[in-house]
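Visitor: Given next are the chains, with one letter for each unit.
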Amino acid sequence: MSQVTASGPQSVLSGKPLRLIAAAILLVNGMFPALWILFTSLKTEAELTVKPITWLPHAPTIANYLQAFSDQPLHIFLFNSFMVALLSTCMTLLVSVLAAYALARLNLKYRGLILSAIIAVSTFPLVTLLVPLFEIMRALNLLNTWIALILPYTVLSLPVCTLMLVSFFEGIPRDLENAAMIDGCTRLGALFKVVVPLCAPGVFTAGILAFVNAWDEFLLALSFNSNPALRTLPVGIQLYQGEFAFPWPVISAALVVGIVPVAILIVIFQERVVSGLTAGGIKG
Amino acid sequence: MEKQPPAWSRLLDLSDKALAVLLLAPAGLLLSLIIVYPVLRLIYTSFFSLSLTSGLPAEFVGLENYQLMIEDPVFWETTWNTVLITLITVPGALVVGMGLALLANLPFRRQWPVRLSLLIPWALPLSFAGLIFAWFFHSEYGVVNDVLSRFGIEGVIWFNSPNLAFAAICLTIIWKTSSFMALIILAGLQTIPRSLYEAADVDGAGRIRQFFEITLPLLKPAIVVALIFRTITALQTFDIPFMMTGGGPGTSTATLAMYIHQNTVSFLDLGYGSALAVVMFALSMCVTVIYLRIIRTKE
Chain A
1 MSQVTASGPQ
11 SVLSGKPLRL
21 IAAAILLVNG
31 MFPALWILFT
41 SLKTEAELTV
51 KPITWLPHAP
61 TIANYLQAFS
71 DQPLHIFLFN
81 SFMVALLSTC
91 MTLLVSVLAA
101 YALARLNLKY
111 RGLILSAIIA
121 VSTFPLVTLL
131 VPLFEIMRAL
141 NLLNTWIALI
151 LPYTVLSLPV
161 CTLMLVSFFE
171 GIPRDLENAA
181 MIDGCTRLGA
191 LFKVVVPLCA
201 PGVFTAGILA
211 FVNAWDEFLL
221 ALSFNSNPAL
231 RTLPVGIQLY
241 QGEFAFPWPV
251 ISAALVVGIV
261 PVAILIVIFQ
271 ERVVSGLTAG
281 GIKG
Chain B
1 MEKQPPAWSR
11 LLDLSDKALA
21 VLLLAPAGLL
31 LSLIIVYPVL
41 RLIYTSFFSL
51 SLTSGLPAEF
61 VGLENYQLMI
71 EDPVFWETTW
81 NTVLITLITV
91 PGALVVGMGL
101 ALLANLPFRR
111 QWPVRLSLLI
121 PWALPLSFAG
131 LIFAWFFHSE
141 YGVVNDVLSR
151 FGIEGVIWFN
161 SPNLAFAAIC
171 LTIIWKTSSF
181 MALIILAGLQ
191 TIPRSLYEAA
201 DVDGAGRIRQ
211 FFEITLPLLK
221 PAIVVALIFR
231 TITALQTFDI
241 PFMMTGGGPG
251 TSTATLAMYI
261 HQNTVSFLDL
271 GYGSALAVVM
281 FALSMCVTVI
291 YLRIIRTKE
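These protein sequences, in sequence, are chains A and B. At position 205 of the first sequence the residue is numbered 205 (my numbering), and the sequence of numbers has no breaks. At position 194 of the second sequence the residue is numbered 194 (my numbering), and the sequence of numbers has no breaks.
Read the hints as simulated data drawn from the structure, not as lab findings. Idealized CB from N, CA, C, for every residue including glycine. It cannot be assumed that every hint is accurate.
Selected chain B positions facing chain A (in silico; Cβ < 8 Å) [to be verified]: (1) L31; (2) L42; (3) E71; (4) V95; (5) L103; (6) P121; (7) I132; (8) L235; (9) A277; (10) F281.
Listed below are the simulated SDA-like cross-link pairs for lysine to any residue, each with C-alpha atoms no more than 25 Å apart in a straight line [to be verified]: (11) A:K109 with A:K51; (12) B:K17 with A:A22; (13) A:K16 with B:G152; (14) A:K109 with A:V196; (15) A:K16 with B:A205; (16) A:K16 with B:A187; (17) A:K109 with B:V143; (18) A:K193 with A:L222; (19) A:K16 with B:V96; (20) A:K193 with A:M91; (21) B:K220 with B:V83; (22) B:K17 with A:N107; (23) A:K193 with A:N107; (24) A:K51 with B:R296; (25) B:K17 with A:K51; (26) A:K193 with A:N178; (27) B:K17 with A:I114; (28) A:K109 with B:L29; (29) A:K16 with B:F108; (30) B:K17 with A:V121; (31) A:K51 with B:V83; (32) B:K220 with A:A22; (33) A:K51 with B:S139; (34) A:K193 with B:R296.
Isolated chain B, as found in the complex (with noise of 0.2 Å):
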């Protein structure tokens, strides 16, 4: 006996197009609530002179909050700041990640304690990993100045300086990233045949040598996806240096994602913090395009 679907399910039973359109709705909705419109708002908002703490209704001022950022020290700072850690922190990542990739890579019998070294720092939040290493940089009781001093060398006060603090914020945001792009690197690392090796052995190449045109060359798709998502990650840096220094000392780690929530959230300027998103914004969206640029000729 052929069973008869029940009346609702044949009210669903549309064709591919009207399926289609009812199936990606849920997304596009949200997508437009969450992201679109507030593009849109974003942009608009940056025009007017809207603090919260004023009382004063909206007004349009044309570009004027560009005009304050320009003049605005604390924003070349903040972006200066957030530019020299995407420099430092996306290559660094890189060469660690390498590294760890290429140790983790080795013919271990048991897995599951590698995947583990490299899953947990990419779970850990970002908030407490800066947590975590403000502590370790502890000058009293910090791990890290304990260890120089049994190398004989004198502990130093990590946050009172702003170039040891900036440093410190690097090596935590390496530290945080460089697993995830050692569990990207290590699945390039996995496609790449053996046979190669072997017949470059064969041939006499060295390992340094093998390395250099049969590993990197291979890896250099996966390598370039990660490092791009990286980049665009590292422009966005808020959890590690607001929970590690706050941003001190002055204003001498704060980023722009930090100088936005402030402005935003702590003086409720909404026009001011607008412009500053926007000019995030356009640098993120410029690495995007050079992205999608590069997955499509990939395809």
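One chain only, chain A, in its complex shape (with noise of 0.2 Å):
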């Protein structure tokens, strides 16, 4: 570089080449294995079994994303993940959000206490409750069924959305509520007309959360749907490994597939997804 600078630590430290280099670092470090299922899905099987390994595709080809589809029903693990999650996500906002008003605004006794309670919830192993789970859902004659994934799904995301939303709530003025019960509304009706929607991006952000978190699951949907027209995504994708085979472009098409939808949620409310995880939400 031309321009002269006063050299010293500090102007190195915060130089435009180290935000580079840091710049490509965290790039790298977050896209690479994405990006890799991407090249991985548009190569032939040919081209994968070369030695050394290419990097991008020579001759990209989209048969694998053909063939994922045709080999299993893909399609249906995408719209059966899609609704569990998107169904679990609608319970989520609603049930804590009403208990979230509960905890922001009536001045409750207890107040303390539930919100430990629900800190203690936030941090319970799914899994211990594998066995009992699937007694409950077996008595009700709910295997096999989304309702068996999404009244966990529900519960999982519960405390999390119901502390960020708490939050969210605690931040808007009382008097904005007040005005609204004067003009002839009930306290419910002021927290659906008013308050929810001066909440509506913390609502929003809460949901994106109840939604990732149901995406994800996989133990559960696993454990209790052994009916292959109702497996999600997660599940799903096991079965393109053959007894022998691992048909690594197919299956990286299909990964590809079960990614993109979040990705574009993600790349979409960046700022606010942040801004929610690191406010309330801090399960990972």
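Join the two chains into one complex using the hints; note that each chain is given alone, in its own frame.
Guide: Okay, structure coming up:
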């Protein structure tokens, strides 16, 4: 660089080259695995078994994507994942909006205790509930239904979403609700007509967290649904694996199909997701 | 003209107390059905011999399941693997996450690439990460061995050796969880006032001293919270080893969660599976109690 700057640790550490290197490290760390799977999904089986391995696909093909949909009912896995995630997100939001409003506004006597209980529940290992939930779902005849997943997924995100919403609701001035109530709204009316719309970004962020949680869950989906027509994506993806063969290009294509919906959500709402995650969501 | 509220809404004009009960009821019911009752049921079942494959009715056996467990080498092996994964990946994710957060905190003109690079690993399902990294560590066509060979290091068959398979799993977990750690730490970093560093510059403190005397102490609360949550989730490790090795070779990379799943879903031995789960539950609750203590002292 031609520009003369004062040297010293300060200028070196905050200089442009360092920022470029930092950005490169961050991007490679964050994106490389997903990109590599994308490259793999575009390669032919023949190109995949060339040594030394190629990095970029030489003759990109979408054949693996077609095969991913014909070898297994990938569209059904996608549909199941989407519906289960969407329905449990809606349930989580409804239940946590109500609970959060009570905790934020109603001066409850046992508020601290309830909040502690919520935090404790959010740390709960779902895997330990495998046996009793399995028994409950069996007794209620819910094994091999969406409900067997929707109920636990709702509870999975409920604590985090409730805690987030409590802090959002507390940020809304009470006067606005009081004004609405003077105008003839009930408290519940004020909640849904005034507080929730004002907190829409927060409610939305909580919804994305709940959606991602449900979209990602694997253990319960694997354990409760043996019916092929009800498999979710993480469970279905395992099925591409033959007894001896592991068709990596096809699996990669299926993985890309599974990553894209959530990736789109993240790309569009990145700023909000980060603030939501760091404000209230502490689960990863 | 005053608008009259509709009749149904007047019905809902309850006292604060009644309204609180009404609003908290759905959450309470769900938590009771999915958490509270199952926990009680879990403890109860652990005292029974209840195997769906034996066809025998449930029989009260007292502590027999727990005694079996103590004599079961697989229980000890999977528990040890779980503890080891926790001891390796939690500090590992903290160190890597701290590094990523410090890089991400540089004054970038555009923030979105940084945010995305931290969010994508967080949003990627654990099970997908397991599959993707199984492909990375593939002995012949994996990118890891390819990179190693470019440095003149002969590639290894990662999943044939217990130690290498374990290492590959830990690396994958660290990659997957460090980004979330970085997000939490980054949020903490951005609350530290710049003036503190300016004052330290005037006093002639170097960058490294500033890190240890300003950054680290002020980040402590965020780090503690992130560490405890990571510990709790590490104890539940299932998806990544299940996808990468299926617990193999042998049971050398199986975790306690995988062993619970196997006993419950594959062997349908609900009594023994429950006893295993009670142990994990107790482990996890210990960490949670410590967590609640720390949060309460912070408030």
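Visitor: For every hint, state whether the structure bears it out.
Guide: Structure-based check of all given hints:
At its closest, the beta carbon of L31 of chain B sits 6 Å from a beta carbon of chain A; the interface hint therefore holds under the 8 Å criterion. Interface restraint check for L42 of chain B: the shortest CB-CB distance to chain A comes to about 5 Å, inside 8 Å, so the restraint holds. Taking 8 Å as the C-beta contact cut-off toward chain A, the hint placing E71 of chain B at the interface is violated, the least distance being around 21 Å. Taken as an interface hint, V95 of chain B does not check out: its beta carbon lies about 13 Å from the nearest beta carbon of chain A, beyond 8 Å.
The interface hint given for L103 of chain B is met, as the beta carbon of that residue sits about 4 Å from the closest beta carbon of chain A, less than 8 Å. A least Cβ separation of about 6 Å between P121 of chain B and chain A falls short of the 8 Å threshold, and the interface hint therefore holds. At its closest, the beta carbon of I132 of chain B sits 5 Å from a beta carbon of chain A; the interface hint therefore holds under the 8 Å criterion. Checking L235 of chain B against chain A by beta carbon gives a least distance of about 7 Å; that is within 8 Å, so the hint holds.
Of the supplied interface hints, the one on A277 of chain B holds, with its beta-carbon coming within about 4 Å of a beta-carbon of chain A, less than 8 Å. Taking 8 Å as the C-beta contact cut-off toward chain A, the hint placing F281 of chain B at the interface holds, the least distance being around 4 Å. The straight-line distance between the Cα atoms of K109 of chain A and K51 of chain A is roughly 69 Å, outside the 25 Å bound, and the hint therefore fails. Of the pairs offered as hints, the one joining K17 of chain B and A22 of chain A is violated, with about 54 Å between alpha carbons and a cut-off of 25 Å exceeded.
With a C-alpha separation of about 33 Å, the suggested pair K16 of chain A and G152 of chain B falls outside the 25 Å cut-off, and the hint is violated. Using a Cα cut-off of 25 Å, the hinted pair K109 of chain A and V196 of chain A holds, with the two alpha carbons roughly 24 Å apart. A distance of roughly 23 Å separates the Cα atoms of K16 of chain A and A205 of chain B; the hinted pair therefore holds under the 25 Å criterion. At roughly 23 Å between alpha-carbon atoms, K16 of chain A and A187 of chain B fall within 25 Å of each other, so this suggested pair holds.
Taking the CA atoms of K109 of chain A and V143 of chain B, the gap is near 58 Å; set against the 25 Å cutoff, the hint is violated. Note on K193 of chain A and L222 of chain A: the hinted pairing is violated, with a Cα-Cα distance of about 40 Å set against a maximum of 25 Å. A C-alpha spacing of about 23 Å is found between K16 of chain A and V96 of chain B, which places the hinted pair at or below 25 Å, so the restraint holds. The straight-line distance between the Cα atoms of K193 of chain A and M91 of chain A is roughly 19 Å, inside the 25 Å bound, and the hint therefore holds.
A distance of roughly 24 Å separates the Cα atoms of K220 of chain B and V83 of chain B; the hinted pair therefore holds under the 25 Å criterion. Restraint check: the Cα-Cα separation between K17 of chain B and N107 of chain A comes to about 9 Å, which is no more than 25 Å; the hinted pair holds. For the suggested pair K193 of chain A and N107 of chain A, the alpha carbons sit about 21 Å apart, so the restraint of at most 25 Å is met. For a cut-off of 25 Å, the pair hint linking K51 of chain A to R296 of chain B is broken: about 58 Å separates their Cα positions.
Restraint check: the Cα-Cα separation between K17 of chain B and K51 of chain A comes to about 71 Å, which exceeds 25 Å; the hinted pair is violated. As the CA atoms of K193 of chain A and N178 of chain A are separated by approximately 12 Å, the hinted pair is consistent with the 25 Å bound. Proximity of K17 of chain B to I114 of chain A is assessed by CA-CA distance (about 15 Å); at most 25 Å being required, the pair is judged to hold. As the CA atoms of K109 of chain A and L29 of chain B are separated by approximately 20 Å, the hinted pair is consistent with the 25 Å bound.
This hinted pair checks out: K16 of chain A and F108 of chain B have alpha carbons roughly 9 Å apart, not beyond 25 Å. Between K17 of chain B and V121 of chain A, the direct Cα distance comes to roughly 24 Å. Compliance with the 25 Å bound is thereby established for this hinted pair. Between K51 of chain A and V83 of chain B the alpha-carbon distance is near 39 Å, which puts this suggested pair outside the 25 Å criterion. This hinted pair checks out: K220 of chain B and A22 of chain A have alpha carbons roughly 24 Å apart, not beyond 25 Å.
Taking the CA atoms of K51 of chain A and S139 of chain B, the gap is about 12 Å. The hint holds against a cut of 25 Å. Between K193 of chain A and R296 of chain B the alpha-carbon distance is near 34 Å, which puts this suggested pair outside the 25 Å criterion.
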